[in-house]
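Model the full assembly from the supplied sequences, consistent with the hints where possible.
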Amino acid sequence: MKKLQFLATLIFLTCLLGCADKELRPYERSLVGTWRLFEVGGSTGYQWYVLPIPAIPLQSLTIMRNGKLSGQGDALSNFNRPRYRIISEGDQVKLELYGKDTDGFKSTLRIEGDTMHIAPPCFEGCHYGFVKIR
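Residue numbering for the sequence shown follows UniProt numbering, beginning at 1 and increasing consecutively.
Note that these hints are calculated values from the structure, not bench results. Keep in mind that a hint or two might mislead.
Label-pair distances were calculated between CB atoms; the ranges are [said to hold, decoys possible]: (1) 86 - 114: 33 to 41 Å; (2) 80 - 108: 14 to 22 Å; (3) 54 - 98: 29 to 37 Å.
Just so you know, even glycine gets a beta-carbon here, dropped at the ideal spot from N, CA and C.
See the structure below:
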């Protein structure tokens, strides 16, 4: 009986310690940090456009390891949500936002080096371009 109790305690502690601080996947590791918005793009229905965003005033997105994020600047008010999560859908990686009005809002996410593109679901092919600053 004592062996069974010891074994049950050992399994419980192993599960508890294993879940305490989840390891980030490589993609998530490169995502964490502060990103400066440098461009926005989309279409008017007949013409594609890309607008450069000046560095000042700073418009940035801070993505934290604990699943929280915050946006700074007028163009990033859609990203001022309390939580996010990264999910894989086929060959795409998605950033899923959770907030007061946007639970489950998914955007396609692509990171190449220190550049990140977030493409929300829209018919016009809109996107946000970021460069990592921290």
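Do the hints match the structure? See the list:
1. 86 - 114: 33 to 41 Å: Roughly 18 Å apart at Cβ, these two residues miss the hinted range, so it is violated.
2. 80 - 108: 14 to 22 Å: At roughly 20 Å between Cβ atoms, residue 108 and residue 80 fall inside 14 to 22 Å, so the hint holds.
3. 54 - 98: 29 to 37 Å: Since residue 54 and residue 98 have Cβ atoms about 30 Å apart, the given range 29 to 37 Å holds.
Taken one by one, the earlier hints fail for this structure only at number 1.
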